[in-house]
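Just so you know, the protein sequences line up as chains A and B, in that order.
At position 335 of the first sequence the residue is numbered 335 (our numbering), and the sequence of numbers has no breaks.
At position 40 of the second sequence the residue is numbered 40 (our numbering), and the sequence of numbers has no breaks.
Take these hints with a grain of salt, some might be off.
If chains are identical, the list can't say which one is meant, so a pair holds when it fits in one copy or spans any two.
[Said to hold, decoys possible] Below are the DSS-like pairs computed for lysine-lysine, each with C-alpha atoms no more than 27 Å apart in a straight line:
1. K217 <-> K21
2. K298 <-> K231
3. K231 <-> K214
4. K338 <-> K106
5. K231 <-> K197
Note that these hints are calculated values from the structure, not bench results.
Because the structure is a prediction, the values reported are computed rather than measured.
Protein chains: 2
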Amino acid sequence: MPKTIFVRHGRLHYFIREVLKRLRLPAPHASRVGDALVSADLAGVEGEGSSRLPLFASRIGSGLINPAADIRMLFQEQGTAVIDGDNGMGHVVGARAMEIAIEMAKKLGIAAVAARNSNDFGMAGYYARLALAEQMIGIAVSNAAPAMVPTYGTRATLGSNPVAIAIPSAEDDAPFVLDMATTATSRAELEDALRRKARLPVGLALDSSGEPTKSPKTALEAMMLLPLGSKAETGSYKGYGLALAVDALAGVLSGGSFGRELAGAEGKRQDVAGIGHFFVVIRLRAFSPWVKFRNRFKEMLHQVTTAPAAGAPRIYYPGEAEFAIEQERRATGIPLDKGVASELEGLARRLDMRDAWEHLAEGKK
Amino acid sequence: MPKTIFVRHGRLHYFIREVLKRLRLPAPHASRVGDALVSADLAGVEGEGSSRLPLFASRIGSGLINPAADIRMLFQEQGTAVIDGDNGMGHVVGARAMEIAIEMAKKLGIAAVAARNSNDFGMAGYYARLALAEQMIGIAVSNAAPAMVPTYGTRATLGSNPVAIAIPSAEDDAPFVLDMATTATSRAELEDALRRKARLPVGLALDSSGEPTKSPKTALEAMMLLPLGSKAETGSYKGYGLALAVDALAGVLSGGSFGRELAGAEGKRQDVAGIGHFFVVIRLRAFSPWVKFRNRFKEMLHQVTTAPAAGAPRIYYPGEAEFAIEQERRATGIPLDKGVASELEGLARRLDMRDAWEHLAEGKK
């Protein structure tokens, strides 16, 4: 059996959608989750892609995620809104919130939406990117289950609380998409290191006794990640401070859970996640004609990426590498490693959906 | 002669205001700069405080900063505005932009203002904090002269582009004020290390040949700072990416200068700075009743700061340490080190304002 199979992204989307419909998600919601997971797989962020489907399915099955969520508007002012995700899939709640923010920003130039009672929404950059088609800047942040040890702390009290910023670029360029955990590394990166049997550099993670570890396995078990900046003397208060600010917006301001109240998707606590998100959308043309912005942003990215480099062929901007991977995978397929393929096949079997799996697997290249 | 003199903050404000009025700033502008510089001195951020006055005076004297700036509104939509700083003092331009954003956010719940043709505005947290009195969240970012070497780069192509986020806290608590360069360290921190004759940890700065340096003097001469995250393997693309995003907003979107076009205040290039800023203000009560937010945010900060600590008496949140220093300095005075005091005295002498200096120095404790 080959280690990795390659599947067509369209068929992967279909598979995810059918599985989620079987789990009682309405078709548009199932399709939205499929879009978010396939986008992650296309971008090379496998840890937030279809590999997560079995976990989500299990949480829906055990009643920890509501497949029939009724996402409701709680408060709305001209430029702001708060929505309640009704414990639905984070991908659906996040996308809905962004859509609302985009509509408001069309009129006002800027808008913000907070969402509570949601779940892990995967790749934050997916939501930020939804603004690009409208020539808007998208910002998406989310809290998450405790995984970050604050500067001078010895216990995980905050999440790896991601921050994503997407900025439209010229038509032929990769969009600028910064998508970063506020921890120095992330669960998805640790899982990737584990698959590659790589050792970790110092400055990313601690073991359960609070000592630095180079083992991805130990790091994943302990989930005590260091803030971006790693140590106090190299600025870790900044990563820690950003994580706090994100939780203040996504957790406290949204009216949802925050800090150690959050259960997350894979912690030992079997509980509703209680995750919150916060989104800001900025309409470019409220500030600058589009062509002027596009040309100037292109010039800026050109300045930076053509400056002298060492240790890499050249300097890249955020989103470039993912865009290149996406182009390739759209053409040649998405690689599913053996473990993920086997889990997806098992999931299909349990749901009595062998046909859907066969359809996906036969489409492999 | 003592190494350090202590001066009353009110007298320091008066001194700065009188000096700037002599340099042809209108009184309200001179007062605003005094407020910004004294705030930095009170917070213990001396590198952005009155120590900068001689440099600003020199740049005004040589025509590189316009003392009689006519700050103008260029475009305005309901929730957004772009202002032209007319090459005025950054502190004046920044505060004006925040005031406009606060007024708009009162109606809409959120607003953003971009400012171009400005100058170094000092401590970014000062502007973010202006929102607190209105129970709003303030966000302030600025670009700056090249000082950051991007991940895999060998030349400074971006500024240390600061990000500040201020969030109102309960009445008796320190406000949450995260104020961070997107570089691992900053000019002000290097100057502080130089004064303390401290060595730098690895991961902050390079020398002019691109090698890591532990000397603050060498680092200040080269001004080749590493992004937050220090190295590629510990996430420096995040600090670099944040700096790019800041420049996209403060430089490109504002219609001002960006990247290597920026001259800054102390570079070798004697040129107009061309700095831009970007501000976002979020009205808390558009999302949550104030009392509910206050209580929940207090609970969150309590959770984090009372968790087990090692290497420090306890965990602090951003702004706490600065707030404690401010309380002390309001009571006992602001320390001016010998070098700074002597420069301020010299400045007063050159401007034929010995009286103003005597008034400041005699108020020392």
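Cross-check of the supplied hints:
| no. | hint | verdict |
| --- | --- | --- |
| 1 | K217 <-> K21 | neither (34 Å within a copy, 63 Å between copies) |
| 2 | K298 <-> K231 | between (35 Å within a copy, 26 Å between copies) |
| 3 | K231 <-> K214 | both (16 Å within a copy, 16 Å between copies) |
| 4 | K338 <-> K106 | neither (45 Å within a copy, 55 Å between copies) |
| 5 | K231 <-> K197 | both (25 Å within a copy, 21 Å between copies) |
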